[in-house]
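Assemble the whole structure, with the sequences as input and the hints as a guide.
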Amino acid sequence: MFDGILAGIEVVFSFQGILFVLIGVIVGTVIGMIPGLGPITAIAVMIPITYGMVPALALLLMAGVYYGAAYGGAASSILLNAPGTSEAVATSFDGYPMAKQGKAGKALAVAAISSFIGGTISVILLTLLAPTLANVAISFGPPAYFALMLMGLTAVSSLSDGSTIKALISATIGFMIATIGIDSQTGTPRFTFGSAHLLEGIDFLVIALGLFALAEVCSLIINRKEKGTDTNKIGSLRLSKQEFREMSTTAGKQSFLGFLIGVLPGAGGTIASLLAYVSEKKMSKNPEQFGKGAIKGIAAPESANNAASGGAFVPLLSLGIPGSGTTAVMLGALMVLGVQPGPLLIGDHPDIFWGVIISMYIGNIFLLILNLPLIPYISKILKVPRPMLIPLVIVFCLIGVYGVSFNTFDMFLLLLFGIIGYVMRLFHFPAAPLLLAFILGGMMEQSFRQSLTISNGSLAIFFTNPISCVLLIIALLAFLLPILKTWKRKKEDNQSSQQSA
Amino acid sequence: MLNTKNKKVSLGLMVVSIIYLILSFRLPSYAYVPIDSDVIPIALGFILLLLSIALFFIKDTGEKVKIPMNDLIPILIVLGFIFFYILFLELLGFIIVTALFIFFCSWYLGYKKFLSNSLVSIVLPVAIYFLFVSFLQIQLPSGVLPF
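So the protein sequences, as listed, match chains H and B. Take the first sequence: its letters are residues 292 to 792, numbered as in the working numbering. Take the second sequence: its letters are residues 4 to 150, numbered as in the working numbering.
Just so you know, these hints were derived from the structure itself, not from any lab. Wrong hints could be hidden among the right ones.
In silico contact screen, one side only, chain B against chain H (beta carbon under 10 angstroms); selected entries [as the list claims (entries may be wrong)]: (1) D41; (2) I85; (3) F86; (4) Y88; (5) S145; (6) L148.
Each residue gets a CB set at the ideal place from its N, CA and C atoms; glycine is no exception.
In structure tokens, the structure reads:
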């Protein structure tokens, strides 16, 4: 093992090695900022470029692109409220409010540093635990997945302020939208109204950009004349000592959670960032700050999703199973380079195995060194006057959608979801539960039906499986406790008002 | 009876859930699976129906919904701009449509610097086009332009 690590270090610290990580990080950040082009596209674009390169060097480039793209996604979430990938949705909850308050620089710095912490912790855990964890991950069956996702979903409904019922309605509608398209088990087309464009379902991007970015554009149009609003200021990057402590403890804790969720094949980064956000809010002494620009609200999802992307390498490198869309593309890239990931990789190609892991350390460090000084330039976006910014954001969203689907039908859908998103805002329906239920819905339905297929239709399978049973109980508690709390508070209020009367 | 906004919204949602339920019950059945494709949709339809009935009986919170009538006009006009953008995208091509869109939309919203506006509306679409087509290998509609 030691020789392998040395071989890996030798590759990474060569002139070429450092150069490639550097190029990867820059290209990745730029691509990641464009909505619709997340880490998956960024890596896919790099595949033809790496033809014929030494595998270890090619992987360095990819690792750089991977981290860079994840960071770029966070930047467009924070600055424009336009999460380009599902992993970046939770970052916009507090990132965008913070940018609105004129602290965009700080928000981007927190995102960069927490990503760094998340990435670093996950790489350390990966180095230590890869072989052991792979065994745990394959023991997660469909019932446990269903329970995990249900837990994520109930957490969402308690996540939004305002009425729980509205959050639940919004989540149900999101789930309903997820049922549009061909059913994966029976091949029945559902709710497609005969349209061929709807057979594959609606793309995540259409809903995310519609509900978040276009709805925000509508609000911007109304306030377009407010001059010198706080968004024009970028603010300093400096974090006070207390802010730094807040951020690093949060990021430290959530990195562990994120890594563990990332190890499970499935929606790694998305579920990880979401659960991190919710659990941080639950544990916080002042949860009311969340959603209004809390530093912890950025640190938690950013550290968790970067840690999850490291965790996703566990099943990839040790079992050859890709745990997420991005690692699936990575797997393709590896095979193009003639490397077959799996249990034999560590023994046969120690330079590659350790090269990948060490390049992740380096990629992380470069990301931090590069991005902190770039923040003032990236946040210049906010200095664009609003009447000019609005059409640019719109074009940004439209190209994002076109680049994924190549037809105008999805663009009209984007427009429709923009209107829905704005109407939801007017009536105080939270948009986040809808989007997250949409993302999780398809997978939830699948694991639910797989479980029932295993048990021949008996619901008992969710309770006889210990992992899923525990997760379901947590989900139920997460859902009931806030309701009980408000109920109790109301009762007390009533009593006190009666006493005073 | 329909004096509060919760009641109005909830009625609308009930209609949605009933339509969704009708469509779900009409899904063709498939004999060889224990759980057919209509189970989850039917469950979701009933959940939404229950939730919207619950919403009907919940008192409005203090926050008033003011639909800003005067503000709706610029929003509708911009949405109209977007509609025509999409409509003409594949006919005229990305560069031309985007240039026109950026120019007129920002002009309408009150950006009156003619020179910088025209500069942005020409340079940006061209730059994005070549970034996508040459570097990222993502084909954008070229339309009437020869390249």
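Here is what the structure says about each hint:
1. At its closest, the beta carbon of B:D41 sits 8 angstroms from a beta carbon of chain H; the interface hint therefore holds under the 10 angstroms criterion.
2. Checking B:I85 against chain H by beta carbon gives a least distance of about 6 angstroms; that is within 10 angstroms, so the hint holds.
3. The restraint placing B:F86 at the interface with chain H holds, with a minimum CB-CB distance near 7 angstroms, inside the 10 angstroms limit.
4. The interface hint given for B:Y88 holds, since its Cβ lies 7 angstroms from the closest Cβ of chain H, which is under the 10 angstroms cut-off.
5. Violation of the interface hint for B:S145 is found here, the shortest Cβ-Cβ separation to chain H being roughly 13 angstroms, above the 10 angstroms cut-off.
6. Among the interface hints, the one on B:L148 is violated; its C-beta lies about 17 angstroms from the nearest C-beta in chain H, farther than the 10 angstroms criterion.
Checked against the numbered hints above, the structure breaks hints 5 and 6 and satisfies the rest.
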